[in-house]
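One-letter residues, chain by chain:
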Amino acid sequence: MIGEVLRRALGDRVRTLAAWCVGAAAYLAMIVAVYPSIRNASGISDLAKHYPDVLKELFGMGAGINLASAAGYLDTELFSLMLPLFLLAMAIGTGAGTLAGEHEAGLLELVVAAPLKRGSVVVAKAVGLTVELAALAAAMIVTLLIAGPLADMSLDRPRMAAAVLAAALLALMHGALALAVGAATRHRASAIGVPAALAAVGYLVAGLAGLADWLSPFRYLSPFHYAGRAPLESGVDASGLIVLAIVTVVLVGAAATLFQRRDMASA
Amino acid sequence: MDAAIETRGLSKTYRGGVQALSGVDLTVNAGEVFGFVGPNGAGKSTLIRSLLDLIRPTAGTARLLGIDSRDPRSRERVGYLPGDPRLHPRLSGRAQLDSLLRLRPVGGGYEDLAERFGAALDRPLRDLSKGNRQKIALIQAFMQRPALVVLDEPTSGLDPLVQEEFRSLVRETASSGSTVFLSSHSLDEVQHVADRVGIIRGGRLVAVDVVEAMLERSVRHVSVRFAEPVDLKTFAQIPGVQVVDGDGPSLSLRVEGSMEPLVKALGGERVIDLTSTPADLEEIFLGYYQEQGE
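So the protein sequences, as listed, match chains S and R. Residue 158 in the numbering used here is what sits at position 158 of the first sequence, and the numbering runs on without skipping anything. Residue 1157 in the numbering used here is what sits at position 157 of the second sequence, and the numbering runs on without skipping anything.
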């Protein structure tokens, strides 16, 4: 029954997911491996002080974060952009492919012709997306847990895990938006484009809100604002995560309702 | 006993204003083989996809095995072959069929069907020819031993031997008490297997009749070559026969309804060759239209 939709969604993605995990782990390990030479280069923090304000804000060191500390270093090098980007790219790709992509390819016709509620097909796809993101997040956490001590990094482990999971939740929200846009438009291209554009704008707004007063009120519209900035240095704010979780649930509900109502396109 | 399929006033207007179905009232009885015939674009797939709740009618209702088609339970004992079946390109036939079996509450099996149709189960579906993919698609429609099988243009892409095997499967399915609903753009394709035929044209159900009556009304084009010139008048007098062209020993005729009077008249002549072109659907439509107009 409906479990098969989840099983199939994950089965189709196993190889891609493995590639994402290996790629992300390799990138994270490389960033960690560079840390000892950065820490001992005393000029780095001074150099960073002279970065333009825009770059400092975007890289999550606006508040004068110390690049030479492990937490400050990882916040700037990973958590400000690259780590969320890995999770976002996978979430949006999966969210768009699993519903709009399969719909466009005609692969959902026989699934929906089975005695299933269409809305539950969408929920199964959303669960599959969550499992995938959890796997990628787990690969990242494990990589940092192993590589960190090897590079002589002292990390607050629960805080690090929370920071990765917060980024995964941010990605899940964008993936849920891909599901909803895919359910509404049935086109994979717009199911990728809309959440990708939101991610780009959201990143800039949250990053630059501290510099431009006029931009500041808009930061509440950016999902990145709720995922938190510099999560290793300042910790993850639970209330922001609750906002992201609620928006995610609403988006999945919208996707299920839209998909339930609309005609299936003929292949 | 509930009808296998029952539609009342089923209408569908697509966005953009194309009216694909208008007020279709159709009843398909349990245990019969029903041929649903119409030219391309007549609304066959629209009706079939409304039955399976893949698209929602603008007006009217449909019931499958007594359950409203909007209720997913109406499809529990229904097998479906789409007009353009898309199967998972990376899966093998076996993995695809297993996956589709697990989507449904009732069990089933496909080994016997696969053997019967000579289907390749272990190769990825993207490596199969269109005909071999169509076999897998056909198997999935029958593998649950469904009480109702809905088939949209089932024989497209199948070679004649497989088509014959398919027809005997349809007959067996019906004799085991299940209902088979199959669409086609040609009456010829369904006349050997269907008990009754419905004709759809321009989104309207034009006629529903038993196959024999449908053929009775149909028009055939018959060409005859004789050993020696014949008298055209003898043939012009036969009821239902119209001489289209006569040139010495060759004769071209239009025969409406039964072939019997013509065959009797031919019995007295030395016939060298005889060809009969099967009933043209368009002419059957016209026949029913004229009747409706009268």
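If you're looking for bench data, these hints aren't it; they were derived computationally from the structure. Note that the structure is predicted; figures quoted are calculated from it, not measured. There may be inaccurate statements among the hints.
[Stated by the list, open to error] In silico lysine to any residue, SDA-like type, Cα no more than 25 Å apart, as pairs:
#1 R:Lys1130 <-> S:Asp12
#2 S:Lys117 <-> R:Ala1003
#3 R:Lys1264 <-> R:Val1208
#4 S:Lys117 <-> R:Asp1068
Hint check:
no., hint, in the structure
1, R:Lys1130 <-> S:Asp12, "holds (23 Å)"
2, S:Lys117 <-> R:Ala1003, "holds (24 Å)"
3, R:Lys1264 <-> R:Val1208, "violated (30 Å)"
4, S:Lys117 <-> R:Asp1068, "holds (14 Å)"
The structure shown violates just one earlier hint, number 3.
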